[in-house]
Structure formats: C-alpha cells, structure tokens
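2 protein chains.
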Amino acid sequence: MPSYVAPVKDAQYILHDVLKVSESKTPGYDELDADFTNAILEEAGKLTSEVLAPLNVVGDKEGCRLENGVVYTPKGFKDAFEMVKEGGWTGLDMPEEFGGQNMPAVIGSAVGEFFSGANQAFTMYQGLTHGAASAILAHGTEEQKATYLPNMVSCEWTGTMNLTEPHCGTDLGLMRTKAEPQDDGSYKVSGQKIFISAGEHDMADNIIHLVLAKIPGGPEGIKGVSLFIVPKFMVNEDGSLGARNGVSVGNIEEKMGIHGNSTCVMNYDEATGYLLGDMHKGMRAMFTMMNEARLGVAMQGLAQSEVAYQNALIYAKDRLQGRDVTGVKNPDGPADPLIVHPDIRRSLMDQKSFNEGARAFTLWGATLLDDAHRNGDKDADGLISLLTPVLKGFLTDEGYDMTVLAQQVYGGHGYIEEWGMSQFTRDARIAMIYEGANGVQALDLVGRKLATDGGKHVMAFFELVKSFCKEQGADEAMADFIEPLKTASKHLQSAGMFFMQNGMKNPNAALSGSYDFMHLFGHVCLGLMWGKMARASLDALANGTSDTAFHETKLATARYYMARRLPATAMHLARIESGADPVMALDAEAF
Amino acid sequence: MPSYVAPVKDAQYILHDVLKVSESKTPGYDELDADFTNAILEEAGKLTSEVLAPLNVVGDKEGCRLENGVVYTPKGFKDAFEMVKEGGWTGLDMPEEFGGQNMPAVIGSAVGEFFSGANQAFTMYQGLTHGAASAILAHGTEEQKATYLPNMVSCEWTGTMNLTEPHCGTDLGLMRTKAEPQDDGSYKVSGQKIFISAGEHDMADNIIHLVLAKIPGGPEGIKGVSLFIVPKFMVNEDGSLGARNGVSVGNIEEKMGIHGNSTCVMNYDEATGYLLGDMHKGMRAMFTMMNEARLGVAMQGLAQSEVAYQNALIYAKDRLQGRDVTGVKNPDGPADPLIVHPDIRRSLMDQKSFNEGARAFTLWGATLLDDAHRNGDKDADGLISLLTPVLKGFLTDEGYDMTVLAQQVYGGHGYIEEWGMSQFTRDARIAMIYEGANGVQALDLVGRKLATDGGKHVMAFFELVKSFCKEQGADEAMADFIEPLKTASKHLQSAGMFFMQNGMKNPNAALSGSYDFMHLFGHVCLGLMWGKMARASLDALANGTSDTAFHETKLATARYYMARRLPATAMHLARIESGADPVMALDAEAF
Numbered sequence: 001m002p003s004y005v006a007p008v009k010d011a012q013y014i015l016h017d018v019l020k021v022s023e024s025k026t027p028g029y030d031e032l033d034a035d036f037t038n039a040i041l042e043e044a045g046k047l048t049s050e051v052l053a054p055l056n057v058v059g060d061k062e063g064c065r066l067e068n069g070v071v072y073t074p075k076g077f078k079d080a081f082e083m084v085k086e087g088g089w090t091g092l093d094m095p096e097e098f099g100g101q102n103m104p105a106v107i108g109s110a111v112g113e114f115f116s117g118a119n120q121a122f123t124m125y126q127g128l129t130h131g132a133a134s135a136i137l138a139h140g141t142e143e144q145k146a147t148y149l150p151n152m153v154s155c156e157w158t159g160t161m162n163l164t165e166p167h168c169g170t171d172l173g174l175m176r177t178k179a180e181p182q183d184d185g186s187y188k189v190s191g192q193k194i195f196i197s198a199g200e201h202d203m204a205d206n207i208i209h210l211v212l213a214k215i216p217g218g219p220e221g222i223k224g225v226s227l228f229i230v231p232k233f234m235v236n237e238d239g240s241l242g243a244r245n246g247v248s249v250g251n252i253e254e255k256m257g258i259h260g261n262s263t264c265v266m267n268y269d270e271a272t273g274y275l276l277g278d279m280h281k282g283m284r285a286m287f288t289m290m291n292e293a294r295l296g297v298a299m300q301g302l303a304q305s306e307v308a309y310q311n312a313l314i315y316a317k318d319r320l321q322g323r324d325v326t327g328v329k330n331p332d333g334p335a336d337p338l339i340v341h342p343d344i345r346r347s348l349m350d351q352k353s354f355n356e357g358a359r360a361f362t363l364w365g366a367t368l369l370d371d372a373h374r375n376g377d378k379d380a381d382g383l384i385s386l387l388t389p390v391l392k393g394f395l396t397d398e399g400y401d402m403t404v405l406a407q408q409v410y411g412g413h414g415y416i417e418e419w420g421m422s423q424f425t426r427d428a429r430i431a432m433i434y435e436g437a438n439g440v441q442a443l444d445l446v447g448r449k450l451a452t453d454g455g456k457h458v459m460a461f462f463e464l465v466k467s468f469c470k471e472q473g474a475d476e477a478m479a480d481f482i483e484p485l486k487t488a489s490k491h492l493q494s495a496g497m498f499f500m501q502n503g504m505k506n507p508n509a510a511l512s513g514s515y516d517f518m519h520l521f522g523h524v525c526l527g528l529m530w531g532k533m534a535r536a537s538l539d540a541l542a543n544g545t546s547d548t549a550f551h552e553t554k555l556a557t558a559r560y561y562m563a564r565r566l567p568a569t570a571m572h573l574a575r576i577e578s579g580a581d582p583v584m585a586l587d588a589e590a591f
Numbered sequence: 001m002p003s004y005v006a007p008v009k010d011a012q013y014i015l016h017d018v019l020k021v022s023e024s025k026t027p028g029y030d031e032l033d034a035d036f037t038n039a040i041l042e043e044a045g046k047l048t049s050e051v052l053a054p055l056n057v058v059g060d061k062e063g064c065r066l067e068n069g070v071v072y073t074p075k076g077f078k079d080a081f082e083m084v085k086e087g088g089w090t091g092l093d094m095p096e097e098f099g100g101q102n103m104p105a106v107i108g109s110a111v112g113e114f115f116s117g118a119n120q121a122f123t124m125y126q127g128l129t130h131g132a133a134s135a136i137l138a139h140g141t142e143e144q145k146a147t148y149l150p151n152m153v154s155c156e157w158t159g160t161m162n163l164t165e166p167h168c169g170t171d172l173g174l175m176r177t178k179a180e181p182q183d184d185g186s187y188k189v190s191g192q193k194i195f196i197s198a199g200e201h202d203m204a205d206n207i208i209h210l211v212l213a214k215i216p217g218g219p220e221g222i223k224g225v226s227l228f229i230v231p232k233f234m235v236n237e238d239g240s241l242g243a244r245n246g247v248s249v250g251n252i253e254e255k256m257g258i259h260g261n262s263t264c265v266m267n268y269d270e271a272t273g274y275l276l277g278d279m280h281k282g283m284r285a286m287f288t289m290m291n292e293a294r295l296g297v298a299m300q301g302l303a304q305s306e307v308a309y310q311n312a313l314i315y316a317k318d319r320l321q322g323r324d325v326t327g328v329k330n331p332d333g334p335a336d337p338l339i340v341h342p343d344i345r346r347s348l349m350d351q352k353s354f355n356e357g358a359r360a361f362t363l364w365g366a367t368l369l370d371d372a373h374r375n376g377d378k379d380a381d382g383l384i385s386l387l388t389p390v391l392k393g394f395l396t397d398e399g400y401d402m403t404v405l406a407q408q409v410y411g412g413h414g415y416i417e418e419w420g421m422s423q424f425t426r427d428a429r430i431a432m433i434y435e436g437a438n439g440v441q442a443l444d445l446v447g448r449k450l451a452t453d454g455g456k457h458v459m460a461f462f463e464l465v466k467s468f469c470k471e472q473g474a475d476e477a478m479a480d481f482i483e484p485l486k487t488a489s490k491h492l493q494s495a496g497m498f499f500m501q502n503g504m505k506n507p508n509a510a511l512s513g514s515y516d517f518m519h520l521f522g523h524v525c526l527g528l529m530w531g532k533m534a535r536a537s538l539d540a541l542a543n544g545t546s547d548t549a550f551h552e553t554k555l556a557t558a559r560y561y562m563a564r565r566l567p568a569t570a571m572h573l574a575r576i577e578s579g580a581d582p583v584m585a586l587d588a589e590a591f
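So the protein lines, in turn, are chains A and B. Note that the UniProt record's numbering gives residue 4 to position 4 of the first sequence, counting from 1, and the numbers run on in steps of one. Note that the UniProt record's numbering gives residue 221 to position 221 of the second sequence, counting from 1, and the numbers run on in steps of one.
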C-alpha cells in the first residue's frame, strides 16, 4: 500500500526562506513565525499521514453506496471526519465569530495540500463546504451567516455547489433549473443538477446546497441566473433542524477515480431556497466559490503529484533491476536500485522539480489572496485573478502528467491496482476537468484576464519578472537561473504581443494559442519560483546554514528545471505564432 | 456507449496512395490491389465494429473471474472468439502449411489496428497466440511446428509469453524459474511467473505457454536463460489432448484497464516443458516474439487513440455549448457545437494528425518487416529494428496522451465510466508499460540500436529523409512540409552527434537524453510520413481525383502537424544537449 509523508520541511522552507511570511505587513502574518507554522504543519502532517492516507485506498476500493436515498461513505470516513472536525481543521482560515481561527489563507493552503495529498476524495467533503461557506460569508445577509456559518465552519453541516445540468456545463446560460418566488420571500427551486460532489452522504447532520437557478421573467441566458441556499433539512428559528426539504439524490455516478467522494445527481422538486446575494447576479456570487475552488484544485494537482512521487521514489530506491552503466553501485546485491539509471532520474527530477516549484507557486498565490483580502490590495487582487487560470490549468495538467511518470517508475506493478499508483493518476485526472475544464481556464486567461484593467495585471507580472532578473542578474551565482528565466519570459511577452497584434483582427488567432499560452505562462511562473528558491538557498548557504545538503539540493533542482523544463516555452511560442490557420483550416464536416 | 468505425478509407489511402503496395516487388504484394485489400478491410471493419466493439465496455465492466482454477472471460467473448476464428482472421499472415493465408504483414497490421481499436483486451488473446506461434515458427523443430502450429494458427489453442517474475521484469538475468533436464529430453519447469496476459481462460482447448527459465549449471544471468514450450494439456502423439500439465493459475490481477484480458500469476510446478531453440539462447528466441509484439503494441497506441478520437469528434459535433466568437454558427439552436471553438479544434487536430501519421508509420514499418522477411533485405531488417523502439515508445506515449485529450473534450462526462472515454485511457495506459516499458525502449534505441552495424541504419534513415527533402524541395507546393521536416531532421542529427561526442566519455550523457531522443525521432518519423502523404495528395489532386475534399483535408492536416507538433523537436534537442549534469547531479540520498 502506498504511503504519504506530509512535506512539512519543504512547506516551511517556502513560507520562511522564500516568502518570508512573518516579515509581511499583512494582518495575521506577524503570528506566522517558524515555530508556530511548524507546529501546525507537523500536527496536520500527523493527522493526514496516519489517519487520512490509509483511508485513501479504502475509499477507492469501496466507493460510495446509494441505498434508499441515503449515500454511505466508505468505511472509516465518518470517524476520520470526526477527528478532522475535532482538530479544528475545517475552520482554520474562517472568521473567529463563526468558530474559525482566522488564520491567513497561506497557512490554509499549506495544510490543504497535505489533506489533498493524503486523501483527495475525503478532503473534498470539507473543501466544498469551505467554498460554500466563503460564498455565504461574502454574499449572505447577517441572518444567513448566523444561520449557516457556525455549523458549516465546524463541518457539522457540509456544503455543495450546484452548477452543471445534463445539457449544460461550461455554458450555464442554457440552465433550466427554475426558482419561483414565494410570498414569504423564499423561492421554490425545481430542476436537476449533475456532478454534485458530496451532494449527499452520511457524515453531516445537514447539507447546505448552493444552487444556481433562473427566476422566471428574468433576463435571458447567463444574466438571468441567481444563486440560492437550499438546505437538505430546513433550519428552525432556534437553529434546530426541521422538515426535510424537496431535494434528493437521484443517483451516484461511477467514475474513473475519487470513488470515496459521492458525485450525485440532485433532484430539486419545489425545494425551498433562499436568494444568496443579488437577484440575477448569481454568477458573481458563485465565482466567489469558483475562484477559491480553482486554487484548491490547483493544489490538488500538486498534491497528487507529490504523493505519487513519494511512492515512486521509494520504489526507485528499493527495486533492484539492472546495473549502473558507469559502474556497479550495489555490489553485494543482485542488481542496482532503479534510481541509478539516468532515465529514472529524469522522471524523478521532472516530478521533484515540478512539485517544489508548484508548492512555491500555490503558496505565493495564497499570499496574494491574503494581500487582496486582508490589505485590500487591488493590485494583488488583479494579479491573483490573472494567475488563477494558470494555477488551475497548468498545475493540474502537469500534476496529472507527473502521476503518470510516477506510475511508470513501477513498470508493470504500476498498472496493478494493489500497488496504488493507478489511483493517483485516476484521482488526479478529475482536477483537469472540474471547476472549469482546463480549456476553459485557457479561454478565461487569454479571452478575459489578459485584457482586464487594460492589461495592467499582466504588465505588472512582466515587470515583476523583469525586476527580479535585473536585481539578481548582477550576481554571477544566479546566472544559471536568470538567463533561462529571461528567455522564457521573453517568449511569454512575445506570445502576448502576438495576441495583441492578431487577436483584434481575428479572435481565433489568440484563442488557437490559448492552451499553449497557459502552459507557457505556467513555466515562466515556475521558473520565477525556482529563481526565488535559488536566491533563498544561496543566501542560506552564504549565511552559514547548517543544512547545506538541503540547500544544495534546491540549487541542483532549480538548475534541472531551468535546463530541462523551461525549453518548453520556445515550443509553446512557436505553436502560438503559427496562429489560427492550422487549427481552423478544416470545415467541421471535413473532420 | 462509445462506437467504433474501422478507418478503412484511411488505411486504403496509406496502402495505395502513399505506400503503393501493389507496385512493390515484395512477394505477395502483387495480390494487394485496391479491390482485394478493400474487401478484406471492409470485412474486418464489419466484424470489429459490430461484434467486438460492443463487447469492449462489457469486458471492462465485467472483467475476468477466477473460480477453482478456471478463468471465465466476460460474457460474449467466447462467441465472438468463435466468429473471429471462423472468419480466418487469426492466421491471416501465417503460412499456408499450418492453415494460415500467408498474406503480408502489412495487411495483417492494417487489420490488426481495427481489432485493437474495437477491443484491445479481447484482441490480446489472439495477439499473444500470434506472437507465440511466430516464435515456434522461427525457432521450433519440425515436430514442434507440426504439433503446435496448426491449432495455434486457428486459435483453437492460444499462446502466452512468460518472462516476468515478482522480483524481475526488465532485468531478466535475475530470473529464478528453473528447468531440470529429464532423461527423455524434456524438462521439468518450476517457478512463478507474473503479469501473464491470457495465461488462463475459457476460450481455447489448450494453452501453449512459452516460458523463460534457467537450466541449472548454465551461465549466470541473462546468458543462462532458455525458452520452453509448456502446454497446459499434454499433447498425445495423435494430436489429441492428454493429461493436465503442472501449470496452474495462482491469481488474476486487478488492473487499471484491459479488464477483459486475464492477467495471471502462473505457477509452474515440475511442469513438463520442451526446449524451444537453442539451450541458453532463450532471449534470442523470445525476442522473435518481443519484436513482433512491440510493433503490435505500437499499433495499440494508435488504435486506442483512433477510437477515442472518433468518439470525441462525435461529441464535439453534437454537444451544444457556447457560441463561436467569430459569429453564431447554429442560429436555430441554443448554442453552437463544441467543434466551433478553437481550443477544441486544437485538441481534435492534435488527435487527427497523430492518428493518421501513426497509421502511415506503422504500415510503413510493416512493409519494412515484409521486405526483411520475404525479400531477405538486411537493410530493411536493420531499419525496422532501429525503428521498433521508436514505434513502440513514441506511439504508445502519444497514443495515451491523445486518449486523454479525447476524454477532455467530454468535460465532466469524460470522467464518468458510463460514457466510455475513461476506458480508452485506462486501456491505452498499459501499452506504455508492457513489452518493455518505454524507458527501456529509449535505452534500447540509444544504448544499442543507434550503434548497430556501426551506425549504418540510423545513417540510412537520415539519408532517407534527406533524399526525400531534396527530391521534393524543388516543388513549391511542398515547401510548407519540407522546410519544417528539414529542421526537425537536423535536430535529430544534432542530437545523435551530441551522443557521439559525449556518450563515449560519459554514457550517462547519452542515456539522460534517451527518452527525449525517442520522442524527437518519433516526430521526425511522423513528419516524414506527413511529407509523404502531402506528396500523395498533391499528386492525387493534380491527377484530377474526384475526392478533392479528402485530399485537401490531408494537406491541411499535414500543415497542422508541421506547424503545431514538429516544434517539439527543438525542445527535445535542448533537453538532450543539457547533458547528464542536471539529471545526475543529486546523490540518491538527496532525493
């Protein structure tokens, strides 16, 4: 059975050596000293490694079961959920007034990776609750907050988000679910929603569904969509639970992975719902959840890659097969361990350099979120908004690819379910799809985010890379990192330029390159992260750190990313600059 | 449920317009006129689409079942197998004296793609039999051939190949299975083999296992390995079946995919075996199977990609979601079909250009095999030997990636088993692993095949590309294709040069780039194929073909491959030229 060890040390390195969180002026960051964050991360590491990770295979094998309208989660999930709740992990970054601990998002993200790495299907129950609670926090009335948040922050009640219908996923304007206004100010919600993660299960007393629906007579399409709170059980004025509402699970889906999470068809039959936020402004309210969810999904890409890598590494060190061509390394054994072979190294280094770069990227993203929310910094808000599709699309695509590489290290055993490597790829696969398929992320990036505020945020990103390169360029020790980063960044700017010059005339010239642009952007971000990590480790070594091996490993891994991964940017640029013609040449009938 | 339509027209195009098989001097090719091959392909298309494809999902859902030592295949498999046998499909390219039809490998390959595309797990039963029969044909005594081949060619008896043991896969020198010589010239084989595809099942009267084992006292390691024929039931002199041999199935594996094929743990307990080929030369005999099997696996990569693409295309044309940014295409509907969106096009064109290029590559490879076997052409033999790891490694990696792209077109539905797209990726995944994991293919290519016969075959390949470019370079209509191909080919040559200059000093400098080299080589091969297809279609148009749309589509697809896929070669070269240092910098303990 595969194992999981939370990468506490690496998270600490990013928080303190690279991001230097406790030096930040952002409210709450002053508390994040190394001892404090270490205590939290160690505790989270223990829970995730010892309790959640062993349930990962159980969840995959057993899956969820629907019987007479009740969904049963896999054996052990319920007890583990109690432990998670008791530990206060569900409200880490939620306001104290609703029972949370009001910690910054950056610490929530660091902990969140561990949870997802240990057991993605399990962690989704609390992840979706967190998203739904955030939407209520941002858009709810005082009464709604008081009614739902305390129990959602503690995960006594869980939450869901209901967008997709059988005939519409990305294009929510086609939605058919209706919400009829009632005299008492509530609505009767009717329709069918599909792919509702954690839509029904046996781990919470109540489930608070956030449901997109149309109020009859409203504007056509996406502009007539509103968001509703639809509890599974009605909540009485004293907070106790009342009658069952008109919402039920129609079916649970058989999926490629995340079997431990119940993916439900939800039927709404004149269910009582309460408008959340403004009428017809449901998409805006839903995007509070979606943006947070996208960052969470980005982290899932990293998390599955990390756990798959950990197990590939164990196997590569244990499994004896063949001999080192440059000389026997294990003369007393019948063969050398796999890790002596260059092609196994290539695979492991691809994984390692991705994981550590992605961890820095997600935690940097979380500091931008904190800066936006806690400092009201509009630039930080604009930047994280620009980076969200990159984080989601690039990290989940790459994260999936890394799980495939990790599985490959196992040879035939990687294909056998008993060894657990298949589950990592099957679970990781969903992250490329949900919360906006990655093609939609690329569209959001190129079709919307690039031009936001007159292109101000993408220019700020370029400036950020440029000033880092300028600042560091004088240091010869940084040359291995700065030169490749400069080149990659130029490719990104050229791609942006190509879109500007050609996209106005023909939007397809930009959209044909959107996916490549997302990946090109992602590589530049990881290149920047590795540049920053190289700087941090050079400083640590110069300052006489006792942990030289750790920092020298960082520098070697940074060099690997620059030498072996960043060359992808030229390819993406070439594809982008080939424009719309190759992509759009054929009539649909010619396919 | 997904569907499958055998790509008869495209196979015909490659056979006749591109490869011009009936003009070849290779014995048997004169019979391959367009009408004849069309009749065969149409018939194979009917059987595979109507009988095998509907059983694909059944096989996945039901899997194989082991009960009291008997393996039961999924419902419907047995009847379908009877139909395949009755149609004479199992001996298409086998000698007439053993009941085959003695057709060239090129037609066997064209048909083989259809079988694998319709149902890979099912087709493996006959595929492994074919491989085992080929080994007996090449290395068996006259008596062995007479005893086993007629029933194996007809698939009354099926075959297996037994290499892997729990502690050794790639490194077969570590093998523990023993074969003790007996007074009557037979051997007693004892040991355990794992991952034995079709090792036990209920569709054949007998199963002929080819088993690698060591004769005690022989040379150490891989040089002491011999190959044995171990029948499930002993064969009496009159050809009737005798006693059960000492071989039994210990377990069947639960796998990520190809559930319809039984992957067995096989226990040999003093089973009677007969030496096949020379003592201690088992690897050579096994490689007769392996090389054939590797080409078959390459084709599986293409086949799964093709069927996944077909279904992605249907969905992209049917599913209404969003609007074409350049203007509404389906004004009467609530939205436009997915296929209007550039990023969906990118995905479909990636798939289409891969499939058609890969089909040309595999069929070209099959003509080289025919040339080697039927004409005794040593150059053709050397070239296909060089290309085998490229075919296997590149086409299965890319084929898998394409199934992932196809699945992505379905959005959330791609993740739900009901829609069948997940199965294509899960089934395709094994092809990157079995018959030598793709990292081992890359090692074989760079560590062995490049230098074979003093590098003669790789030089011949370069010459072949060069002369094609020279010959076609004068034609302006070919410029779109020849220029990118020239560039890609130069990258391949530079990579080869880098290995020569650095690999002698440090083998790791070559092996660190082996995987990239395999992919770089694959792109050049597909570039060459697209160049040849462009030539064929330009000729067809110039000659006044009535099917202008077909050929213009070929030209557009060729342009796509050149513009959007070939730029990968520069990236692979850059990675290769970064050498061993980034890959090998870390000590194993530093990971």
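It should be emphasised that the hints constitute simulated quantities derived from the structure, not laboratory data. As the structure is a computational prediction, the values presented were derived from the model and not from experiment. Hints should not be assumed to be uniformly reliable.
Identical copies go unnamed one by one, so any copy, or any two together, can satisfy a pair.
Here are the simulated lysine-lysine pairs, DSS-like style, with alpha carbons at most 30 angstroms apart [as the list claims (entries may be wrong)]:
hint : residue 1 : residue 2
1    : K223      : K25
2    : K281      : K61
3    : K61       : K75
4    : K61       : K78
5    : K20       : K505
6    : K25       : K470
7    : K20       : K188
8    : K178      : K329
9    : K223      : K490
10   : K470      : K78
11   : K329      : K281
Evaluation of the provided hints:
With identical chains, the CA atoms of K223 and K25 are never at most 30 angstroms apart, being 39 angstroms at best within one copy and 69 angstroms at best between copies. Taking the closest pair of Cα atoms, K281 and K61 never come within 30 angstroms of each other, the shortest separation being 41 angstroms inside a single copy and 43 angstroms across copies. With identical chains, the CA atoms of K61 and K75 are at most 30 angstroms apart both within one copy (10 angstroms) and between copies (23 angstroms). For the homomeric pair K61 and K78, the shortest alpha-carbon distances inside one copy (16 angstroms) and between copies (29 angstroms) are both at most 30 angstroms.
Taking the closest pair of Cα atoms, K20 and K505 never come within 30 angstroms of each other, the shortest separation being 45 angstroms inside a single copy and 44 angstroms across copies. With identical chains, the CA atoms of K25 and K470 are at most 30 angstroms apart within one copy only, with a shortest distance of 25 angstroms there and 66 angstroms across copies. Proximity of K20 and K188 under a CA criterion of 30 angstroms is satisfied in neither setting, with 50 angstroms inside one chain copy and 68 angstroms between copies. With identical chains, the CA atoms of K178 and K329 are at most 30 angstroms apart between copies only, with a shortest distance of 28 angstroms across copies and 68 angstroms within one.
Taking the closest pair of Cα atoms, K223 and K490 never come within 30 angstroms of each other, the shortest separation being 39 angstroms inside a single copy and 54 angstroms across copies. Taking the shortest Cα distances, K470 and K78 never come within 30 angstroms of each other, neither inside one copy (53 angstroms) nor across copies (70 angstroms). For a Cα distance limit of 30 angstroms, the shortest separation of K329 from K281 across copies, 28 angstroms, qualifies, whereas the shortest one inside one copy, 65 angstroms, does not.
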